[in-house]
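Trainee: Residues per chain, in single letters:
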Amino acid sequence: MTLGGWFSLILSWAGILTLTGFCFLCIFRKDSGLD
Amino acid sequence: MPVPKPQRETWSSKIGIILAVAGSAVGLGNFLRFPAKAVANGGGAFMIPYFVSLLLIGIPLMWIEWTLGRFGGGFGHGTAPGIFHSIARKNRFIKYFGVIGIFGPLVIFMYYLYIESWSLAYSFFALTGKLNQVSDQTQMQGFLQAFQGLTTNQFFSSLAPAYTFFFITFILNIFVIYHGIKGGIERLCKLAMPALFFCGFALMIRVMTLGAPDPGRPDWNVLNGFGFLWNPDLSALKSAHVWLEAAGQILFTLSVGIGVILTYASYLSKTDDVVLSGLTAASMNEIAEIIIGGSIVVPAAFVFFGPMEIRAVADSGVFNLGYVTMPLILQRLPLADFLSFLWFLLLFIAGITSSVSLAQPVISFMEDEFNLSKKKAVAIFTAATFILCQPAVLFLGRGVVDELDFWGGTFFLVLFATIEAILFSWVLGMEAAWDEIHLGAEMRIPRIYKFIIKYVTPVFLLIILGTWFFQKWLPVIFMEEVAPENKIYILATRVGLFLIFSLIAVMVRVAWRRKRQITEGTP
Numbered sequence: 001m002t003l004g005g006w007f008s009l010i011l012s013w014a015g016i017l018t019l020t021g022f023c024f025l026c027i028f029r030k031d032s033g034l035d
Numbered sequence: 001m002p003v004p005k006p007q008r009e010t011w012s013s014k015i016g017i018i019l020a021v022a023g024s025a026v027g028l029g030n031f032l033r034f035p036a037k038a039v040a041n042g043g044g045a046f047m048i049p050y051f052v053s054l055l056l057i058g059i060p061l062m063w064i065e066w067t068l069g070r071f072g073g074g075f076g077h078g079t080a081p082g083i084f085h086s087i088a089r090k091n092r093f094i095k096y097f098g099v100i101g102i103f104g105p106l107v108i109f110m111y112y113l114y115i116e117s118w119s120l121a122y123s124f125f126a127l128t129g130k131l132n133q134v135s136d137q138t139q140m141q142g143f144l145q146a147f148q149g150l151t152t153n154q155f156f157s158s159l160a161p162a163y164t165f166f167f168i169t170f171i172l173n174i175f176v177i178y179h180g181i182k183g184g185i186e187r188l189c190k191l192a193m194p195a196l197f198f199c200g201f202a203l204m205i206r207v208m209t210l211g212a213p214d215p216g217r218p219d220w221n222v223l224n225g226f227g228f229l230w231n232p233d234l235s236a237l238k239s240a241h242v243w244l245e246a247a248g249q250i251l252f253t254l255s256v257g258i259g260v261i262l263t264y265a266s267y268l269s270k271t272d273d274v275v276l277s278g279l280t281a282a283s284m285n286e287i288a289e290i291i292i293g294g295s296i297v298v299p300a301a302f303v304f305f306g307p308m309e310i311r312a313v314a315d316s317g318v319f320n321l322g323y324v325t326m327p328l329i330l331q332r333l334p335l336a337d338f339l340s341f342l343w344f345l346l347l348f349i350a351g352i353t354s355s356v357s358l359a360q361p362v363i364s365f366m367e368d369e370f371n372l373s374k375k376k377a378v379a380i381f382t383a384a385t386f387i388l389c390q391p392a393v394l395f396l397g398r399g400v401v402d403e404l405d406f407w408g409g410t411f412f413l414v415l416f417a418t419i420e421a422i423l424f425s426w427v428l429g430m431e432a433a434w435d436e437i438h439l440g441a442e443m444r445i446p447r448i449y450k451f452i453i454k455y456v457t458p459v460f461l462l463i464i465l466g467t468w469f470f471q472k473w474l475p476v477i478f479m480e481e482v483a484p485e486n487k488i489y490i491l492a493t494r495v496g497l498f499l500i501f502s503l504i505a506v507m508v509r510v511a512w513r514r515k516r517q518i519t520e521g522t523p
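First to last, the sequence lines map onto chains A and B.
Residue 8 in the working numbering sits at position 8 of the first sequence, and the numbers go up by one each step.
Residue 190 in the working numbering sits at position 190 of the second sequence, and the numbers go up by one each step.
These are computed hints drawn from the structure, not numbers from a lab.
Glycine is no exception: its CB is placed at the ideal position from the N, C-alpha and C atoms.
Treat the hints with care, as some may be off.
[To be verified] Have a look at the derived ranges for each label pair, beta carbon to beta carbon:
#1 F22/A - F478/B: 43 to 53 Å
#2 L11/A - P334/B: 29 to 39 Å
#3 L11/A - F75/B: 42 to 52 Å
#4 A195/B - W13/A: 17 to 27 Å
#5 I10/A - V510/B: 50 to 60 Å
#6 G76/B - L17/A: 31 to 41 Å
#7 F22/A - F201/B: 13 to 23 Å
#8 D219/B - L11/A: 23 to 33 Å
#9 R516/B - L17/A: 48 to 58 Å
#10 W13/A - G216/B: 30 to 40 Å
#11 I518/B - L17/A: 50 to 60 Å
#12 T152/B - L17/A: 43 to 53 Å
#13 F175/B - I10/A: 39 to 49 Å
#14 I518/B - L11/A: 49 to 59 Å
Let's have the full structure, built from the sequences with the hints guiding it.
Mentor: See the structure below:
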């Protein structure tokens with residue numbers, strides 16, 4: 001795998017995981033009344 | 001005097017509807033179509049137009065559909081005709097645009113159920129060891145074709161096994177649909193979605209730990225397999241075709257433009273957060289697609305077939321990837337039967353959570369607009385769809401499934417998404433739409449999206465639609481790519497689809513005429 005390949009993979013995975021993590025964090029914070 | 005409407009169902013929890021929408025979106029496309037498209041369109045470079053399309057059309061359409069659905073649900077409408085009518089009550093024609101939002105999912109249901117039943121059948125064949133008796137590509141191809149009734153061989157002598165699994169799948173779907181939104185679909189998705197992610201991650205970890213199974217070919221290793229998918233070919237970005245493929249994949253994978261999300265969101269209450277829920281459902285779908293979907297088929301095929309053959313494998317079509325190549329790959333691993341079972345179970349779960357969602361617009365239309373009970377609506381749906389599914393089962397070899405997929409799963413999907421985007425920002429009005437999106441919202445959408453939803457999303461969709469018309473409409477209308485002996489079947493399918501569309505349009509007219517008579521008190 002080339003450096004460009006690693007870059008594409010890591011950026012894509014990190015972007016999606018961060019977005020999903022952020023969404024669930026917001027949902028659980030709201031549901032648990034932490035806000 | 002107006003007849004009081006029965007109370008509409010609601011979701012029991014926020015996570016329930018998020019899982020249901022994600023379940024509707026996650027399907028065969030995530031695990032088979034995405035990796036094949038990425039390989040064919042520039043590998044890692046494909047992710048640039050893919051993410052641009054996600055941001056400019058995928059996520060905006062998610063928000064549009066969630067908002068329109070919740071908006072229509074507030075007026076007691078769960079399907080597009082009623083929802084569009086709620087946007088512009090004085091316009092008597094607008095509701096007819098919504099016919100596509102019932103027609104589209106019904107057409108997809110007509111063939112999707114049969115394909116879903118293959119996964120159930122193959123998971124059974126994996127457990128009983130029947131699949132393990134097949135050892136090469138030609139035999140596996142023959143196994144699939146004989147199962148589909150296209151030929152006969154030592155494995156299958158008739159369509160009976162395929163029909164049996166279709167029937168079981170049909171009954172399972174009706175069972176879930178009959179139990180309604182809360183007791184059926186939500187309960188199924190709360191169990192099925194974690195199971196789907198479990199199967200997906202288990203297979204992904206197995207593929208990631210393959211190393212280089214053939215010591216004579218150390219280059220055929222899993223890292224190079226990932227490289228085959230992810231190494232960017234930046235020249236692909238200059239091709240308009242690659243951008244259209246990426247946009248098409250986004251529409252297809254998120255299940256926007258079908259009408260299903262409208263119906264699901266109509267069961268929300270007025271202040272339920274659609275911004276966060278829509279974004280969460282979309283991001284869950286992307287995990288299934290980019291992380292799981294991108295880590296199973298292509299890297300595994302690369303390790304066993306090598307760099308020369310894998311392009312042919314990726315180009316061989318979605319069904320070949322899933323039902324011919326993958327079982328052959330899994331056979332070469334320890335615990336082959338179990339891994340094959342896990343793979344087809346993954347596809348079946350992805351299928352059933354999508355097919356039950358496709359049924360809901362028709363059921364909801366009968367309940368909301370004709371005041372039918374759930375029991376009656378499901379009984380009519382069962383009788384009608386059992387007949388409507390038969391052409392896909394009996395005439396698969398004649399191209400009927402491809403034809404249904406083209407109209408229901410491709411053309412009307414883009415057309416309906418375009419209509420929704422225009423109605424939302426131009427008929428409801430961007431200011432009203434912006435306020436409606438944010439009702440009960442935990443967070444504010446960046447203001448740039450006001451511009452994107454109003455201009456960029458509709459224009460992007462019109463370009464896709466326009467390009468299609470420019471390139472394809474003449475060959476499609478005149479069936480230039482259809483074999484002469486199949487033309488009569490394709491023509492019959494088109495006549496059937498036209499009749500179904502007309503029938504739904506007439507039902508919309510009858511429903512609104514009845515409502516007007518009831519409101520005005522005339523017999």
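Trainee: Hint numbers the structure violates, sorted upward?
Mentor: Nothing - there is no hint that the structure violates, so all of them hold.
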